[in-house]
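K.L.:
Each chain, written out:
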Amino acid sequence: MSAPGAPLPPLSPALDPAFASNPTVDVVNTSVWFGQKVALSELSCSFGPGVTGLLGPNGAGKTTLMRAITGLIPVNQGTVRVEGRNPRSDRSVHARMALVPEDEAVPSGLTARQLVRYVADLQGVTDRAAPDRALDEVGMLEVADRRVDGFSKGMRQRTKVAAALVADPGVLVLDEPLNGADPVQRAHLIDLFRRLGSEGRTVIVSSHVLNEVERLADRIIVIVHGRLAAAGGQRAIRDAMNDRPRHVLIRADDRRRLASALIGLDSVAGVQFDTDSVVVATSRAAELAMSLPALARDLSVRLREVRPLDDSLESLFRELVR
Amino acid sequence: MTIAVATGRRRFRLGVIIAYTLRSCIGPKRWLGCLLPCAGALLFGLLAHAMKETPGDAFARVAADGIFALVVPIASLVIGDAVFGAEVRSGVFHFTWLTPTPLTQIVLGRWIGGTIVALVTIVPACALAALIAGDSEGVVPAMIASAFGASAYIAVFIAIGCVARRAAVWSLAFVFLVERLLGTALTGIAQWSPTWESRAVFVDFSPGAPRSIVRDGIPVGGGAVVRLLLIAAIALVIARWRLSRLRLTGASD
Chain A
0 MSAPGAPLPP
10 LSPALDPAFA
20 SNPTVDVVNT
30 SVWFGQKVAL
40 SELSCSFGPG
50 VTGLLGPNGA
60 GKTTLMRAIT
70 GLIPVNQGTV
80 RVEGRNPRSD
90 RSVHARMALV
100 PEDEAVPSGL
110 TARQLVRYVA
120 DLQGVTDRAA
130 PDRALDEVGM
140 LEVADRRVDG
150 FSKGMRQRTK
160 VAAALVADPG
170 VLVLDEPLNG
180 ADPVQRAHLI
190 DLFRRLGSEG
200 RTVIVSSHVL
210 NEVERLADRI
220 IVIVHGRLAA
230 AGGQRAIRDA
240 MNDRPRHVLI
250 RADDRRRLAS
260 ALIGLDSVAG
270 VQFDTDSVVV
280 ATSRAAELAM
290 SLPALARDLS
300 VRLREVRPLD
310 DSLESLFREL
320 VR
Chain B
0 MTIAVATGRR
10 RFRLGVIIAY
20 TLRSCIGPKR
30 WLGCLLPCAG
40 ALLFGLLAHA
50 MKETPGDAFA
60 RVAADGIFAL
70 VVPIASLVIG
80 DAVFGAEVRS
90 GVFHFTWLTP
100 TPLTQIVLGR
110 WIGGTIVALV
120 TIVPACALAA
130 LIAGDSEGVV
140 PAMIASAFGA
150 SAYIAVFIAI
160 GCVARRAAVW
170 SLAFVFLVER
180 LLGTALTGIA
190 QWSPTWESRA
200 VFVDFSPGAP
210 RSIVRDGIPV
220 GGGAVVRLLL
230 IAAIALVIAR
240 WRLSRLRLTG
250 ASD
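Chains A and B, in that order, give the protein sequences.
All residue numbers in the first sequence are consecutive under numbering that gives the first Met the number 0, ending with 321.
All residue numbers in the second sequence are consecutive under numbering that gives the first Met the number 0, ending with 252.
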């Protein structure tokens with residue numbers, strides 16, 4: 000048993016939600032820096048079969064982590080292993096792994112089919128129909144003979160997804176793969192990635208569109224300032240943050256009177272005025288939900304809207320970044 | 000989903016990279032950037048007529064200072080940067096790098112692809128320049144010298160692309176500072192300079208060329224060809240070594 004006040008020992012990887020139970024990608028105590036800028040700082044986590052969402056604000060280190068996992072950049076400290084192999088030095092691992100980078104850049108002068116076939120040939124894919132099947136998977140077969148440098152951003156992304164899928168990789172790293180895709184294409188790609196994950200592939204997806212990650216990922220890893228901020232399922236992350244105040248937006252006829260009354264409640268940790276609403280911070284949301292209607296009735300204040308602000312990943316994310 | 004099924008024949012990766020290099024790396028602007036210096040070679044051929052020397056002597060002098068010192072390196076720089084440095088800068092090199100293809104094959108494929116482009120642009124332009132200058136005996140030597148010179152330059156520029164992010168700037172510095180300035184002053188530098196070695200190849204194979212265009216202490220003829228191949232080989236080894244240590248960040252980084 001720990002002495003009172005002593006820091007708790009770190010969780011074993013088997014219990015720590017940052018670590019997958021059956022990992023294919025291991026990131027151990029990894030740091031990456033570019034000159035004076037630290038992009039990743041002693042990050043440890045792992046990824047296993049299924050879809051894992053990688054979240055973080057711009058500059059958090061998501062793309063750096065993805066590049067380190069795929070071996071595009073070396074790590075300055077720590078280790079990265081994909082199926083037990085170093086992606087930087089063991090080139091055979093690239094036959095099992097694929098990346099869809101965020102960059103819009105595509106090789107010039109090639110059609111979508113030629114690009115996917117190029118990747119297939121270098122991957123040693125012997126099935127000549129594989130490129131067309133991969134293009135069909137992402138709905139690009141009809142425009143396969145058009146040049147990729149003339150494509151829209153969404154079409155480029157889908158072509159890159161096809162190039163990533165053509166060799167049937169076990170580990171798929173997708174950096175903002177839904178960028179530029181229209182809603183129908185997004186839904187189609189989300190279904191595709193979920194299917195790939197359910198088939199036992201390790202799919203790592205980063206996205207700024209948080210509701211898509213909610214739809215996509217079984218597990219979420221949040222990175223802030225190059226460090227691990229949270230990990231687990233969406234609910235698990237929320238549960239882990241129960242000690243932090245939740246926020247409830249209230250619109251009412253007489254918000255000032257309501258706010259003064261709310262401050263007196265034990266369940267309310269703070270009240271903040273917005274332009275036409277009151278945002279209440281509470282660590283006991285259920286209790287607040289019970290007492291709020293009675294309070295409004297007693298004050299003769301009409302409640303027009305009561306809405307929790309923390310249920311989406313977006314609000315959770317803001318909380319973690321704060 | 001199973002995309003890949005083994006039902007066909009595996010393609011030779013080196014050939015795939017060469018084909019890609021020819022198809023994708025050299026875009027329309029790069030072709031223009033390569034053909035402009037080649038047009039300059041033809042102008043140097045015309046310039047030889049303005050000199051009061053025999054056609055062989057006159058062409059040898061314009062070839063030494065204009066073609067081998069300017070046209071070949073500049074056109075090779077355009078090609079060498081296109082086949083490697085520009086891809087790394089634009090962030091599309093990962094399509095090649097993130098495959099199990101051995102790095103040696105990647106480097107060799109890019110170099111061979113670049114050399115093929117040089118063989119259909121720089122070499123014919125140099126031959127045509129000799130013809131325009133009226134030095135028919137200089138046609139074949141000009142072709143041999145420019146072919147080996149360009150292939151050495153392309154290897155050097157690929158290596159520079161693996162070492163430096165601003166490959167084009169460093170490549171220009173190599174040509175004008177290292178080769179032109181230091182190479183003129185120091186024989187040791189000139190011995191490893193594609194410009195000086197190209198001149199040495201041309202002088203020995205061209206019957207009309209004066210020996211004065213070559214520095215002392217540099218092997219000529221076949222020896223210079225071997226030296227150019229050696230320069231290319233060393234540059235490719237450096238490129239292969241650096242490629243394994245390259246940080247492949249995106250175009251926006």
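Just so you know, the hints here were simulated from the structure itself, not pulled from any lab data.
For glycine and all other residues, C-beta sits at the position ideal for the given N, C-alpha and C.
Mixed in with the good hints, there may be bad ones.
To be clear about the criterion: a stretch of chain B counts as covered by chain A if any three or more of its residues have a C-beta under 8 Å from a C-beta of chain A, and this derived list gives those stretches [unchecked claim]:
1) 95-105
2) 126-140
3) 193-203
4) 236-247
Chain A regions said to be covered by chain B (calculated; three or more residues, Cβ under 8 Å) [as the list claims (entries may be wrong)]:
5) 213-226
6) 292-304
K.L.:
Could you run down the list of hints and mark each one as holding or not?
P.N.:
Hints and how they fare:
1. 95-105: holds (count 8)
2. 126-140: Not satisfied, violated; 0 residues make the cut.
3. 193-203: Answer violated; 0 residues pass the 8 Å Cβ test.
4. 236-247: holds (count 4)
5. 213-226: With 0 residues close enough to chain B, the hint is violated.
6. 292-304: violated (count 0)
Against the hints set out earlier in the document, violations occur for numbers 2, 3, 5 and 6.
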